[in-house]
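Undergrad: Chain residues, written in single-letter form:
Number of protein chains: 2
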Amino acid sequence: MSKNLGITPQAEDYSAWYNDIVVRADLAEDSAVRGCMVIKPHGYAIWELMQRALDNMFKETGHQNAYFPLFVPKSFLEKEADHVEGFAKECAVVTHHRLKANPNGKGLIVDPDAKLEEELIIRPTSETIIWNTYTKWIQSYRDLPILINQWANVVRWEMRTRKFLRTAEFLWQEGHTAHATYEEAEEEAMQMLNVYRRFAEHFMAVPVIAGVKSEGEKFAGADHTYTIEALTQDLRAIQAGTSHHLGQNFAKAFGTQFQSKEGKLEYVYATSWGVSTRLIGTLIMAHSDDKGFVAPPRLAPVQIAIIPMGRDEETRAKTIGAADALAAELKAMGWDGVPVRVKVDTREKESPGFKHNDWELHGACFRVELGPRDLESGSVVIAPRLAGEKETVPMADAARVLVEKLGAMQDELYQRALAHREANTCRIDTWEEFTAKFAGEGGGGFVLAHWDGTQETEDAISAATKATIRAIPLVPLAPGDDEPGTCVFSGKPSKGRVVFAKAY
Amino acid sequence: MSKNLGITPQAEDYSAWYNDIVVRADLAEDSAVRGCMVIKPHGYAIWELMQRALDNMFKETGHQNAYFPLFVPKSFLEKEADHVEGFAKECAVVTHHRLKANPNGKGLIVDPDAKLEEELIIRPTSETIIWNTYTKWIQSYRDLPILINQWANVVRWEMRTRKFLRTAEFLWQEGHTAHATYEEAEEEAMQMLNVYRRFAEHFMAVPVIAGVKSEGEKFAGADHTYTIEALTQDLRAIQAGTSHHLGQNFAKAFGTQFQSKEGKLEYVYATSWGVSTRLIGTLIMAHSDDKGFVAPPRLAPVQIAIIPMGRDEETRAKTIGAADALAAELKAMGWDGVPVRVKVDTREKESPGFKHNDWELHGACFRVELGPRDLESGSVVIAPRLAGEKETVPMADAARVLVEKLGAMQDELYQRALAHREANTCRIDTWEEFTAKFAGEGGGGFVLAHWDGTQETEDAISAATKATIRAIPLVPLAPGDDEPGTCVFSGKPSKGRVVFAKAY
Numbered sequence: 004m005s006k007n008l009g010i011t012p013q014a015e016d017y018s019a020w021y022n023d024i025v026v027r028a029d030l031a032e033d034s035a036v037r038g039c040m041v042i043k044p045h046g047y048a049i050w051e052l053m054q055r056a057l058d059n060m061f062k063e064t065g066h067q068n069a070y071f072p073l074f075v076p077k078s079f080l081e082k083e084a085d086h087v088e089g090f091a092k093e094c095a096v097v098t099h100h101r102l103k104a105n106p107n108g109k110g111l112i113v114d115p116d117a118k119l120e121e122e123l124i125i126r127p128t129s130e131t132i133i134w135n136t137y138t139k140w141i142q143s144y145r146d147l148p149i150l151i152n153q154w155a156n157v158v159r160w161e162m163r164t165r166k167f168l169r170t171a172e173f174l175w176q177e178g179h180t181a182h183a184t185y186e187e188a189e190e191e192a193m194q195m196l197n198v199y200r201r202f203a204e205h206f207m208a209v210p211v212i213a214g215v216k217s218e219g220e221k222f223a224g225a226d227h228t229y230t231i232e233a234l235t236q237d238l239r240a241i242q243a244g245t246s247h248h249l250g251q252n253f254a255k256a257f258g259t260q261f262q263s264k265e266g267k268l269e270y271v272y273a274t275s276w277g278v279s280t281r282l283i284g285t286l287i288m289a290h291s292d293d294k295g296f297v298a299p300p301r302l303a304p305v306q307i308a309i310i311p312m313g314r315d316e317e318t319r320a321k322t323i324g325a326a327d328a329l330a331a332e333l334k335a336m337g338w339d340g341v342p343v344r345v346k347v348d349t350r351e352k353e354s355p356g357f358k359h360n361d362w363e364l365h366g367a368c369f370r371v372e373l374g375p376r377d378l379e380s381g382s383v384v385i386a387p388r389l390a391g392e393k394e395t396v397p398m399a400d401a402a403r404v405l406v407e408k409l410g411a412m413q414d415e416l417y418q419r420a421l422a423h424r425e426a427n428t429c430r431i432d433t434w435e436e437f438t439a440k441f442a443g444e445g446g447g448g449f450v451l452a453h454w455d456g457t458q459e460t461e462d463a464i465s466a467a468t469k470a471t472i473r474a475i476p477l478v479p480l481a482p483g484d485d486e487p488g489t490c491v492f493s494g495k496p497s498k499g500r501v502v503f504a505k506a507y
Numbered sequence: 004m005s006k007n008l009g010i011t012p013q014a015e016d017y018s019a020w021y022n023d024i025v026v027r028a029d030l031a032e033d034s035a036v037r038g039c040m041v042i043k044p045h046g047y048a049i050w051e052l053m054q055r056a057l058d059n060m061f062k063e064t065g066h067q068n069a070y071f072p073l074f075v076p077k078s079f080l081e082k083e084a085d086h087v088e089g090f091a092k093e094c095a096v097v098t099h100h101r102l103k104a105n106p107n108g109k110g111l112i113v114d115p116d117a118k119l120e121e122e123l124i125i126r127p128t129s130e131t132i133i134w135n136t137y138t139k140w141i142q143s144y145r146d147l148p149i150l151i152n153q154w155a156n157v158v159r160w161e162m163r164t165r166k167f168l169r170t171a172e173f174l175w176q177e178g179h180t181a182h183a184t185y186e187e188a189e190e191e192a193m194q195m196l197n198v199y200r201r202f203a204e205h206f207m208a209v210p211v212i213a214g215v216k217s218e219g220e221k222f223a224g225a226d227h228t229y230t231i232e233a234l235t236q237d238l239r240a241i242q243a244g245t246s247h248h249l250g251q252n253f254a255k256a257f258g259t260q261f262q263s264k265e266g267k268l269e270y271v272y273a274t275s276w277g278v279s280t281r282l283i284g285t286l287i288m289a290h291s292d293d294k295g296f297v298a299p300p301r302l303a304p305v306q307i308a309i310i311p312m313g314r315d316e317e318t319r320a321k322t323i324g325a326a327d328a329l330a331a332e333l334k335a336m337g338w339d340g341v342p343v344r345v346k347v348d349t350r351e352k353e354s355p356g357f358k359h360n361d362w363e364l365h366g367a368c369f370r371v372e373l374g375p376r377d378l379e380s381g382s383v384v385i386a387p388r389l390a391g392e393k394e395t396v397p398m399a400d401a402a403r404v405l406v407e408k409l410g411a412m413q414d415e416l417y418q419r420a421l422a423h424r425e426a427n428t429c430r431i432d433t434w435e436e437f438t439a440k441f442a443g444e445g446g447g448g449f450v451l452a453h454w455d456g457t458q459e460t461e462d463a464i465s466a467a468t469k470a471t472i473r474a475i476p477l478v479p480l481a482p483g484d485d486e487p488g489t490c491v492f493s494g495k496p497s498k499g500r501v502v503f504a505k506a507y
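Sequence order for the protein chains is B and L.
For the first sequence, our numbering gives the first residue as 4, with consecutive numbering after it.
For the second sequence, our numbering gives the first residue as 4, with consecutive numbering after it.
Just to be clear, a hint being listed does not mean it is correct.
Said to hold, decoys possible - To give an idea of the interface, some chain B residues facing chain L are shown, with a C-beta separation under 8 angstroms as derived from the structure:
#	residue
1	Ala35
2	Glu51
3	Gln54
4	Asn68
5	Val96
6	Leu102
7	Ser382
8	Glu394
9	Val396
10	Met398
Claimed, not checked - Below are the DSSO-like pairs computed for lysine-lysine, each with C-alpha atoms no more than 30 angstroms apart in a straight line:
#	chain 1	residue 1	chain 2	residue 2
11	L	Lys139	B	Lys92
12	B	Lys109	L	Lys139
13	B	Lys139	B	Lys82
14	L	Lys267	B	Lys358
15	B	Lys358	L	Lys139
16	L	Lys352	B	Lys264
To be verified - To spell it out: a stretch of chain B is covered by chain L in this simulated footprint if at least three of its residues, at any positions, have a beta carbon under 8 angstroms from a beta carbon of chain L; those stretches are:
#	segment
17	78 to 85
18	128 to 138
19	190 to 197
20	289 to 300
Hint data in this document are derived by calculation from the structure and do not stem from the laboratory.
The structure presented is a predicted model; accordingly, all values stated were derived computationally and were not measured.
We treat Cβ as the ideally placed atom computed from N, Cα and C, and that holds for glycine.
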């Protein structure tokens, strides 16, 4: 039973297990550049599926894509006081625009004559470069709203990196919108939070808590930040997406004013919102197991892997023919509005046993075994990626059954993750219990506790337990969560329970 | 007739006309960063359509997407001798990873303590960082071929920039493949050249000459380079896409060897191939006119603009209702395998006249006018973007007629561009005629002339006329072009005619 797949068991070392999944399932690997990863084709295929689904939702809600420069002039970062604190610290700084042959030896050196007048920062996020442009676009209320999204790479010079979860360069989308009123910007920020929540639940099969960030955890430059928070298998929180109401902060920093309907000059209200390749890390930590990557059907690069078998050329030709026919039927039948993503594994050098493990490792939702005896009996064997028995199904029903199973698996994953979260969410009212919950190296799950609303208490709790406030829920998770109480740390009055956890 | 659209006429100043089209049709604009542009939503929508079409063709030919780091360590550039000559000269160099508050005043300074041990270059192209990775992936012939494409941004610190055609940062795709044999790599390089040719002709409606580059014009690091070359309205060549057979150059630079079927250790053969946002510039210079942007239907963000009219609220409600119904019918009917891209223009502050000009400017393929009298008579008026009369069509036939017209317009644009190229392609056999053809500031078109095959002659011709060898055609453009002759410059023997032009 214990196959040597080169994967450290979860129970032994979750962090090593995560890294093994990423590498062994061919999702990503380290590159020669510190903190930057190579996203391999299998991992990138997940990102493409995520992009397609999100992009459709963005367009359905009236957004268009555009593209702004990779570079941010240093002086732009200085314009918004909080923003600079958050993002100037660790970033990639371009200082020169030329290399030249080393006059004193081999190789290349930076050409001192090619120093830039003003240094350029690789965008860690694009508020500043975009608001510099929006200021030119906006004169009147008739120019509003602006509803734009950008798919891009960004760089934050992180000291401790982990593939997908925190890398120096990562891929993301960043929406940047401009509005005439606070209320309209608020509606937009909430709308996009809900898009992210729907994406997490419907596509990723990951339940999330939607809430607002505390002042200490909000985006640098935001009026307030909304977040969706997922729970990992090792009982830590993962911030999966954020949507910021930026107020008039960037408009004031960049002088973005408009003539209102009433003829008054006013500052524009803004939002920004983003999700990144971190979602792939979130996906892994929600569903995968010791056998490898588990993909929810809606985001599985390969949903069905068909393995035709046969010892001789002639038999193989027959089973491959039947496999190809089933694959064509699945593609034509489709699931969830698109052709089923099916792969017929015709590799000749690999044994059926190797292929079974290999598709489990790579997260195919179902394997179909098709040998000469199956062909004779007019049936196929379906093996699920999740726990469960193999099933023999008449060939004529196979496509229909598989498509039904995809839907059932998507639901099962969500329900399983939801049950996991519910089993690991608790309400704690004493400091003793609170510290005990977060003691040691483990996660601790989500703890709903009362908080007095001050930064001092938040900092003290975090210093004592490493747990931080992940979200102030928008709707109570259970009745009574939003009722007043007493702060678990200070004993002072609290307006309602907030979500604490240790976070990735 | 002469409307003041703010567009310089082509005949007056082609370069100013081009810039006006880009800006006035909302395709792109300058950013605050030298040489970098903002691609606006209307321009980015063209890029998305190009991406979708190309990505489908890449996947149909067996390629997968992946993502490699933005940064190239300086030492990687040094590894391939020709490559470094071509790309180290003008590039963005990251030297530090932190800013800090200026201790002696306001603002931010580069933190001298955060100097990188080795400088990083923003990728001007990714051969080096990718081959560093491929070397780890390839051990045996069974690991080959590798067929990967990447959609990415790249940076080349160009001194003279022009939106879309030559910018410091641009968006592109770069395919990078690895093969066991020279022949297989050659087949791949040719296959991708043909993908680009099909894309240019079928989607862009731009005829291109497919050929091989001379040694002087090939990619830095290639064994040989294939190219497709288009002709602009001002009679210059535009390199629209290139496909490189890299031989074993990068494999040798990075030590990429594999065990062959016969058990021998051999160096891998490579190709790379790319097209970029430059294609949008090519598109503009192929079809647009003094009224604005002309988009071939397959790449038009808005194919049909419906303009409902009416002076009062009640009438407008009726014409808008009819417009929405026609839009829905067009989307459902589809064209070329996708829903028709249709926009109902309900802007209230703008006159019908303004809207007509505005949609001409932005390149809608057909406008549909729908006023109260049309509604009464059960018809609509269709106005083409290209020259031609307005046409009154029964409402019941409108969708079908429009869809037919999209196909006809796509063909017309291609035929028009082909006729333009044929009218401006000539064969010249004397140096006097040759220099006369390329005298002055104008373009000169494509000139097919004999060349002795030497770098010296190529350089001398270029110095004297500014015309360069754009391509050595793969198939003769006309019978006899591939027959031997006498070099137009040196009088020495030539193997066949090559294509000369002034190039963008």
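Undergrad: A separate judgement is required for each hint: does it hold in the structure or not?
TA: Hint check:
The beta carbon of Ala35 (chain B) comes within 5 angstroms of a beta carbon in chain L, closer than 8 angstroms, and the hint placing it at the interface holds. The beta carbon of Glu51 (chain B) comes within 6 angstroms of a beta carbon in chain L, closer than 8 angstroms, and the hint placing it at the interface holds. Contact between Gln54 (chain B) and chain L, as hinted, is not supported at the beta carbon level, the nearest pair being about 10 angstroms apart and thus beyond 8 angstroms. About 5 angstroms separates the beta-carbon of Asn68 (chain B) from the nearest beta-carbon of chain L, less than 8 angstroms, and the hint is met.
Satisfaction of the interface hint for Val96 (chain B) is found here, the shortest Cβ-Cβ separation to chain L being roughly 4 angstroms, below the 8 angstroms cut-off. Interface restraint check: Leu102 (chain B) against chain L, minimum CB-CB distance 4 angstroms, threshold 8 angstroms, status holds. The closest approach between the C-beta of Ser382 (chain B) and any C-beta of chain L is roughly 32 angstroms, which is over the 8 angstroms cut-off, so the hint fails. A hinted interface residue such as Glu394 (chain B) counts as satisfied when its beta carbon comes closer than 8 angstroms to some beta carbon of chain L; here the least separation is about 31 angstroms, so the hint is violated.
For Val396 (chain B), the interface hint is violated, since its Cβ never comes within 8 angstroms of a Cβ in chain L; the closest pair sits about 30 angstroms apart. Checking Met398 (chain B) against chain L by beta carbon gives a least distance of about 28 angstroms; that is not within 8 angstroms, so the hint is violated. This hinted pair does not check out: Lys139 (chain L) and Lys92 (chain B) have alpha carbons roughly 34 angstroms apart, beyond 30 angstroms. Proposed proximity of Lys109 (chain B) and Lys139 (chain L) is supported: the alpha carbons are some 26 angstroms apart, at most 30 angstroms.
A threshold of 30 angstroms between alpha carbons decides the hint, and for Lys139 (chain B) with Lys82 (chain B) the separation of about 17 angstroms falls inside it, so the pair holds. Between the alpha carbons of Lys267 (chain L) and Lys358 (chain B) the distance comes to roughly 28 angstroms, so the proposed pair stays at or under 30 angstroms and holds. With a C-alpha separation of about 23 angstroms, the suggested pair Lys358 (chain B) and Lys139 (chain L) falls inside the 30 angstroms cut-off, and the hint holds. A threshold of 30 angstroms between alpha carbons decides the hint, and for Lys352 (chain L) with Lys264 (chain B) the separation of about 13 angstroms falls inside it, so the pair holds.
Residues of the segment 78 to 85 of chain B lying with their CB closer than 8 angstroms to a CB of chain L number 4, which satisfies the three-residue condition for coverage. With 3 residues having a Cβ less than 8 angstroms from any Cβ of chain L, the segment 128 to 138 of chain B passes the three-residue criterion, so the hint holds. Coverage of a stretch by a chain is defined here by at least three residues with a beta carbon nearer than 8 angstroms to that chain's beta carbons; for the segment 190 to 197 of chain B and chain L the count is 0, and the condition is violated. With a cut-off of 8 angstroms between beta carbons, the segment 289 to 300 of chain B has 0 residues touching chain L; three or more are needed, and the interface restraint is violated.
Hints 3, 7, 8, 9, 10, 11, 19, 20, counting from the list given before, are not met by this structure.
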